[in-house]
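> This is what each chain is made of:
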Amino acid sequence: MNALNFALAISETVMAIALAPLLLGLVDQCRAWLQNRRGAGLLQPYRTLRKLLKKDAVVAQTASPLFRASPYVQFGAMALATAIIPIFGTHSLLATSADTIALVGLFAIARVFTALAAMDIGTAFGTLGARREMMIGFLSEPALLMVFFTASLITQSTLLPNIVITMTSHELVIYPSLAFAAFAFVMVLLAENARIPIDNPSTHLELTMIHEAMVLEYSARHLALIEWATALKLLNFAAIGLALFLPWGLSAPGDGGLAIAASLLIALAKLALFCAVLALIETMSAKLRIFRAPEFLGTAFLLAVLGLLVHQLLGS
Amino acid sequence: MQLNESDLSWRSLPGTLPVRHAVVSREQLLLLCRDVAGRGARLVSLWGEDRRAAGVGYVLVVVLDLTSRLLLTESISRSPNPGFPDLSQLFPSAGRMQRATHDLLGFNFLGADARPWLRHSAWAKDAYPLRHDFVAAAVSAPPLPTEIYPFVRVEGDGAHEIAVGPVHAGTIEPGHFRFSVVGEKVLRLEQQLGYTHKGIEKRFEGLSVQQGSKLAARVSGDSAVAYAWAYAMAVESLTDTQVPARALALRALLLERERLANHLGDLGGIGNDAGLSFGLAQFSRLKEDLLRVNATVWGARYLFDEILPGGVATDLAPTALPILLDSLAAMAAEVAVLQDIYDNHAGLQDRFHGAGVLSAKLARQLGVVGLAARASGQAQDWRAALEIPPYDGFAIGSVLAEGGDVAARVAVRFDEIAESLQVCRGLLTDLPSGEISVAVGKTRADELAVGGIEGWRGPILVGLRVAADGRIARCHPHDPSWLNWPALEHAIIDNIVPDFPLINKSFNLSYSGQDL
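Just so you know, the sequences run in chain order A and B. Those letters in the first sequence? Residues 1 to 316, per my numbering, in order. Those letters in the second sequence? Residues 1001 to 1516, per my numbering, in order.
One or more of the hints may lead you astray.
Restraint-style ranges between C-beta atoms, simulated for each label pair [what the hints assert, rightly or not]:
id : chain 1 : residue 1 : chain 2 : residue 2 : range
1  : A       : A40       : B       : I1172     : 58 to 64 Å
2  : B       : K1361     : A       : G298      : 35 to 41 Å
3  : A       : A220      : B       : S1359     : 23 to 29 Å
4  : B       : T1296     : A       : A60       : 49 to 55 Å
5  : A       : A220      : B       : L1144     : 30 to 36 Å
6  : B       : G1299     : A       : S64       : 56 to 62 Å
7  : A       : G298      : B       : D1340     : 30 to 36 Å
8  : A       : T299      : B       : D1157     : 47 to 53 Å
By construction, these hints were calculated from the structure, which means they are not laboratory data. Glycine is no exception: its CB is placed at the ideal position from the N, C-alpha and C atoms.
All chains should be built: construct the whole structure from the sequences, respecting the hints.
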């Protein structure tokens, strides 16, 4: 990796981290538009972050160092994932140092720390949220792995950049197995990112919360990091989905300035489209009763397995 | 021993409500309650009064609902430590009212649950705010140590408690909910309310009848019209006032608009609690449109102080008629579209159906009233049953659902919106002419009167006694929430914890209205 590529990769990761809250802002704004509301504007997540960063943190007396460390672990894990996933191009900073299976592990680390911190302070809601989160987690992670395996079988690699390069260098072929995997992935994405129909990120009803219940006791910079990590997680999942199922337009190592600029614009357009579709799904759906979540994620797993089977039966 | 209603000497009270009044001994009270409970009567309200200054003693007032008429009884105890029979065996919802009466007046209900209800260690155990020798300084003295409230505990393998509130994550009224759960399944819910107790009943004492009207309207802001109307009826009963027909029609118009506003708000809220924020946005807009028309026509969004003893405050200008009719037509069309969306939304219906079922049998046993009762197949509506003018001219009270679940309470709201729109149109197209208010005369002193009307949540009752100097001696505003909160404890059993907010919202009971 030469110096230019390195600089490019660094700037890509930094830019992605900086842009992540905008993604949440766009989803919220699209939801507002779809409901005939005016909305708070694209920059609202940044205003929230600024407000939180200015405040003094209040930490429960019963909190252990784990509680304080957890937001940094969550943010760190998500930022690391951002550096692995190809967002604008396949020259990501750590692209070749970790594969999709490691990514799933990275998301699991963040989840485990969030759940542990939620139980650490001993409130009823923290435990309640952690319990539900682990239920969602153990159902969604296998489905996510299955989606990755389907893509890997087609491309003979579990590394995201290799998957992208293989897919885009072929002539355009429609893989039925990937269609199954794409459906499964969208379902997993909704569950993993605490979106409707599994969880409701904007609810104020503490008894219905999953993710929010775990972070109720956080404030100020800790909460800011968690919110930012949430935005990063959404960006990461969006980027994985786009890399697997809409890989065209990503720049490759050695591309010229024009190609990089074009890939940047294409990536932003794809992300904006993703936000609009997510907002549409969320606006049209009601939240599932929590015990429907296993059915929902079970369906996701089934679809992913079907994708695998279709691949085995039809070949590539 | 047995006693029939007819064995007592009843006196019909003047006014539009069919109420019969009697003074009964404490033994007779219990026997009477047993008699009427056996015939399907419901408890409406009970409250206490300190009438020692008038040489009477302590008075327990009980109001019973015999479907087409009300019974109002007064029982007297001269003991400094007054004891009364426990009615909660006959009427389960009496329990909390008895506990509140103990906290406020020191009445003992022998054999009943004696835990505090309203007090929350805010004043001393042996201080009773509604007794006339109560010293207010006792409340503001250094804070008392907090007493531990003995919740009923559920023991067993895997059972644990979730304590929610009184401070919640959203901007809602305060109440404490203690869930005993196994996993996500609710084994038992116990409510502890009283956090918004602000001494409204004490504040009524000594007010003029006109001032009392303003305070009554502010007992629970979502039912300002219903409380003001019930209060005005009580005053009119005490003064033998005949309210002009136009005023009655305008009152009904105001009440139906209050019902519309609350039902619209609730339908949006219920949708939102099921995760469909689209519903909240749309219904909130419809509600806001309605409130703005209120502001244009009456000058008040929530219609405070429009109903006064003797009539109403504002006449309807001829120019207001088309505004009102047009806005009602527009609302009817939009609600129909939204109802279609709700009815055909699979995700929403999946959440609504079978959630928080209150069976018809249980609703009957618990004496549930109003909207919640109608959603459990109990046909009861004071507007129709008591033939309160001007409702006697309308075919009303036919709205009913059988399921007793959230879906049924949503359906009842939609149907009642349609019914209210019908009533509003009828009232507007056939508005009687004439005066909108008459002067109320001098109040009869020391007599007890009641007024009542079916608010959007259920029947609202106001009991009133005025002293010889024309000042209020005792006023008790009664909210239907007293009767429906206990039903929520049953409706949630065997449901899962995350469904509670939705079920709670489908009842949407008042805290302020019953904490007083």
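> All hints are to be evaluated individually against the structure, with a verdict given for each.
Now for the hints, and whether the structure bears them out:
1. A beta carbon spacing of about 22 Å between A/A40 and B/I1172 contradicts the range 58 to 64 Å that was offered as a hint.
2. For the hinted restraint 35 to 41 Å between B/K1361 and A/G298, the CB-CB distance of approximately 37 Å keeps it satisfied.
3. Distance hint check for A/A220 and B/S1359: the Cβ-Cβ separation is about 48 Å, which falls outside the suggested range of 23 to 29 Å.
4. Between B/T1296 and A/A60, the C-beta spacing of about 50 Å keeps the proposed range 49 to 55 Å intact.
5. Checked against the hint of 30 to 36 Å, the C-beta distance between A/A220 and B/L1144 comes to roughly 35 Å, which is consistent with it.
6. Remark: the range hint 56 to 62 Å for B/G1299 to A/S64 is upheld by a beta-carbon distance near 58 Å.
7. Checking the proposed 30 to 36 Å range against A/G298 and B/D1340 shows it holds: the Cβ atoms sit about 31 Å from each other.
8. Between A/T299 and B/D1157 the CB atoms are about 33 Å apart, so this pair departs from the stated range of 47 to 53 Å.
When each numbered hint is compared with the structure, violations occur for hints 1, 3, 8.
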